[in-house]
Each structure stands twice: as structure tokens, then as C-alpha cells.
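Each chain, letter by letter, is given below.
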Amino acid sequence: MTAGTGKDTARPELAYDVSSIREDFPIFREPVNGRSLVYLDNAATTQKPQSVIDAVTRFYTRECANIHRGVHYLSERATESYENSRSKIRRFINANSLQEVVFVRGTTEAVNLVAQTYGRTHVGAGDEIVISAMEHHSNIVPWQLLCEEKNARIRTVPITRTGEFMLDEYRELLGPKTRLVAVTHISNALGTINPVQEIIRLAHERNIPVLLDAAQAVQHVPIDVQALDCDFLAFSGHKMYGPTGIGVLYGKENLLEEMPPYQGGGDMISYVTFEKTLYNRLPYKFEAGTPNVAGGIGLGAAVDYLESIGLENIRAHEHDLMKYGTMELWTLDELTIIGTAREKASVLSFIIEGIHPHDIGTILDKEGVAIRTGHHCAQPVMDFFHTPATARASLGLYNTREDIQALVHGLRKVKEVFR
Amino acid sequence: MSDLRNLYQEVILDHHKRPRNFRRIENANRQADGYNPLCGDKISVYMRLENGVLADIAFIGTGCAISTASASMMTEHLKGKTEAEARIVFDQFHRLVTNHSGGPEFADIGKLAVFSGVREYPVRVKCATLAWHTMHAALDQKAETVATE
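Read top to bottom, the protein sequences are chains L and X.
Read in order, the letters of the first sequence are residues 12 to 430 in my numbering.
Read in order, the letters of the second sequence are residues 4 to 152 in my numbering.
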């Protein structure tokens, strides 16, 4: 392999024209610290294309009304836009029906919803929930809360030194007490793409349902919930170029149907007296209160945007960029990449001997390069690699080789400061 | 680069590479732990307080350059000071790294003035003050871990 500047690395046919894609994102016209922005913190949140911003603005400017109850024109229009987004999302993940697409605040709420409804009715004393050692805190803590309440316990699938899910150990952990498997599709701290198809197959052999945390997956790889046969899938809008405060829980209809409501309030009911309440049909049973209407509409626009480019094209572009970035980072002495699984997406997590990630982050910021430093809400992963924190560059569909070069240039400056 | 040098001054980099008083004090009579969940920095501050005077002060832990250098220079600065003086320097240091309007002059703060650059980096203030909060907790002999979040 060539450990050069990258200019000698053969450049494959581009999946799409990145420079015109970048023009869709107004943020790249804003200078940061006097420089044009190099944004490599996409695993935290992505920037928004004009079409998403416009969809949200259009709602507040021309369609603002509450949904599902008004008889007036605007309410009908707002309801139609909001529900139209739901159908876009259904198509995007290939859910079987609209009843299976529940709007929530984000991945965290989706996981909590399943823990507090499915979990509370199916998990009892001595039961087990299987997660992996690379989970985000949002796919650990909701299960801990449930286990504390029910006197159940969490079993953790170990990972290898490269950050890969250990399938054999996983198979061993599945047993008669396992009530649910909850694993991440793609690790936010390491970039590992987990063998989710196999994970689901093995669980289903024992009739154990599987929840996939797809917060880091929906924006990078095509997802088909029916082909995967996952029972629940959770993701956030803001990591897939949509607004903050909106996300989705997909659940198989039969499971959602038998689950009790998560929160009580308006919209989730069909008939209320002081003695008894009849719950609304799916998915509204899980959507108490006025939802994030603007967010839902914006998320629909984000789905349109992703589909206009094509997830396969995005995957190819980001994959090429990640390989290039990996090669470029290797040219720096004393730098170690944390997470070197064979199947990876988007994430370049690393440490530099003798320099704390936080110092790296501050110096890169001065160079106009935005990365994330810290434990990435995955402290067990940090503990496993014996580091309190890493520096993490994470790629999105608009990143370029020039962004990677700016990162490497900034890292050389870091080393200069700490020489 | 000059901006960055304002934060990462030579003296800070030197204390980061070779932290002073980086050790446990076996016969310490005051001790506290500090933790910054944002970046995972951990520190333990040890003191030997004799007749109201800091006869010895030291620390161990892991952290970024700013937090390590701050801890190191804190121990150098406070050794031999009275408990009351240490509390005053704590206040002065806190104002030094947070006060944008300048505030009163810090006549006694000496070399610690190199940390004034931190005030331009609000997210790094917690790095600079972790050791100080921990020291303060040790003086108060609080048993629990001090967290900056």
C-alpha cells in the first residue's frame, strides 16, 4: 500500500458530483474561525440541505396548524404533509405498513419506548437482555433501568481488538432466559458494521426479538427492515440530514399491537371517560401529544434528498473516502486508529501517543476542522481500548478528499504544537 | 498559530510533558478525586496540611495538556501557602480563566497567569479548573468525587 500524500492513490469513478452536492448545504458558505468549514463530525449530527430547511420553513410560513384534529384547511394540509412523511419513511426502510412507523424524538426515545413497553411486559426476574460491548449509552442505560426494576440482567457480547462483534460468544449468550437482543447496526465510536443479518437469524432461531440501533446506519447504508427481519429499528432524523428532535421507531405490527402505550395524552386515544380509555390505533397509540410536526415534515424532505442521491452511491462515496482517510492517517507517526473492523462505515476514531484528544480537537478547530473528541457516549468501548477518549472524524455524503487533507494538515499542526 | 500559542504556551506544554509533584502523598491528611465526564479526565489531589499550612501537595491522574499543566502548576504555586491563601488563589484562578472583562489585577498569581488564554476557549475552562476544584474539595475534605459537569 502507498503511504504517500494520497495523490498517487488511484481515484475511482466518483459516485456523484460532490461539489454540486455541497452547494445544497448553505452551511458550507459560512466561514468558521475565518475559514471555510471542514465538517467531520457527522456521527454527532449532519448538516442540513436547503430542501430540508425549506420544508421546515414552508410549514411554519404557510401550513402551520395542529394535525389530526382540525377541520380547517390548514390543519388538513399540515396533517397531509406530516403523514406524507410517514409514507416516505415507510418506503425508505421498506416497512410493511404505515402502522409500523412511529414518530419519536430520536433514537434514544425509540429505545426507551421499547424498554418501557415491550420490556416491562416481557422481562421478569432472572431474565436477560443481550447487548454488545460497543453500544452507545442510549442502548445501555434504558435496559439497565428496566433490569433494575425487574431484577433482570444485561449480558454483553464481547468485541475483538479490532472492534468486531464476536458471533460465537453471542451464540453462547443466547439462552432460554434471553428476552430481547438490542444491538447497534453500526458503532458510533468505532465505525464497525455489525453482521446484523446473522445476529437476527440466530436470535430468531430461539424466537428472541431483535432491536437494531440504526442511528449510525440509515444515512450510510440501504436498510430494508423486511429483508433484515428485525423486530424493532430505531433511528434519528438529525443524523440523516433531517431536523433535530424527530426520529423513528419501526416495530413489527404484531409486536406494537400487543404493547401497552408509552405515554398517555391526546392523540393516542380513541375514547376517554374517567373510568376507562380506549387507545388509538397504530401508530398513534405511541404518539401522545402534539408531535414535532415541522420535524416530521423536514425528515420527509431528508428522505427525499437521500433518495435523490441514492444510498448505494452514498455508501460507495463514503467507503472510498474512508479508505483514503485511513491511508492518510497511517502516514502520521504515533497515531493509532481505534476500530479497524473489516466492515466499517464513516468513522475514523484515533489517538495520538502523548497528546490528549481534547487538545487535538481544540487545535483542529482553530484550523477550521470540526471533529468530535471524548468518549462518544460509549464509555465501555473506551474502557475496552484502555483510553479515556478518542478523537473521531466521521464522514458524510458531502465530504471530500480535500476535507481529509485538511484533517491531516491540522494533525501535523497538532504535532508541531506538542513537539 | 499565534492564537494557539496563547493557549498552549511553552510553560504549559512543559508542565504537561513533565508534571511536577506527580505522585501520591503517603501520609496525606487531605485528599479528593476529580472527574470531568466530558473528556474523561481524572485527578486525585493529595495534601499534607500542618498547622494550617500546605506542607506538601501533589496529584496523580490523566488528562489533557491544559488540565495536567494546571494541576502541576497549582501544586507548585500552593506548596507552603496557608489554607486561607489557597482559597484566595482558587478564587483568583477561577476569575482568571473565566473573566472576559479583565477584572482586578492578580498580583500574587505569578506564573499561573499563562492560563489567561483559556478564557478564549469556553469549553476548555473545565479542563483548567478541574484540579483547582478538586483541591478545594480536599481542603473541605469532601468525600465524594468532584465532577465538573
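Mixed in with the good hints, there may be bad ones.
[To be verified] Partial chain X-side listing against chain L, Cβ under 7 Å, derived:
| no. | residue |
| --- | --- |
| 1 | F25 |
| 2 | Y38 |
| 3 | C42 |
| 4 | G43 |
| 5 | I63 |
| 6 | G64 |
Keep in mind that the hints were calculated from the coordinates and are not lab data.
It should be emphasised that the depicted structure is a prediction, and the values quoted were computed from it without experimental measurement.
Heads up, the beta-carbon is just placed ideally off N, CA and C, and yes, glycines get one too.
*Would you settle whether the hint for G43/X is holds or violated, based on the nearest Cβ-Cβ distance to chain L being less than 7 Å?*
holds, 3 Å
_The hint names C42/X as touching chain L; please verify it with the least Cβ-Cβ distance against 7 Å._
Hint holds; C42/X Cβ to chain L Cβ min 4 Å, cut 7 Å.
*For the hint on F25/X, just tell me whether its beta-carbon gets within less than 7 Å of chain L.*
Nearest chain L Cβ about 15 Å off; hint violated.
*Satisfaction of the I63/X interface hint, Cβ to chain L closer than 7 Å*: This interface hint is violated because 14 Å lies over the 7 Å limit.
_chain L contact restraint on G64/X - CB to CB distance below 7 Å_ = violated, 10 Å
*Quick one, is the Y38/X hint okay against chain L at 7 Å, beta carbons?*
violated, 10 Å
The structure does not agree with the numbered hints 1, 2, 5, 6 stated previously, though it agrees with the rest.
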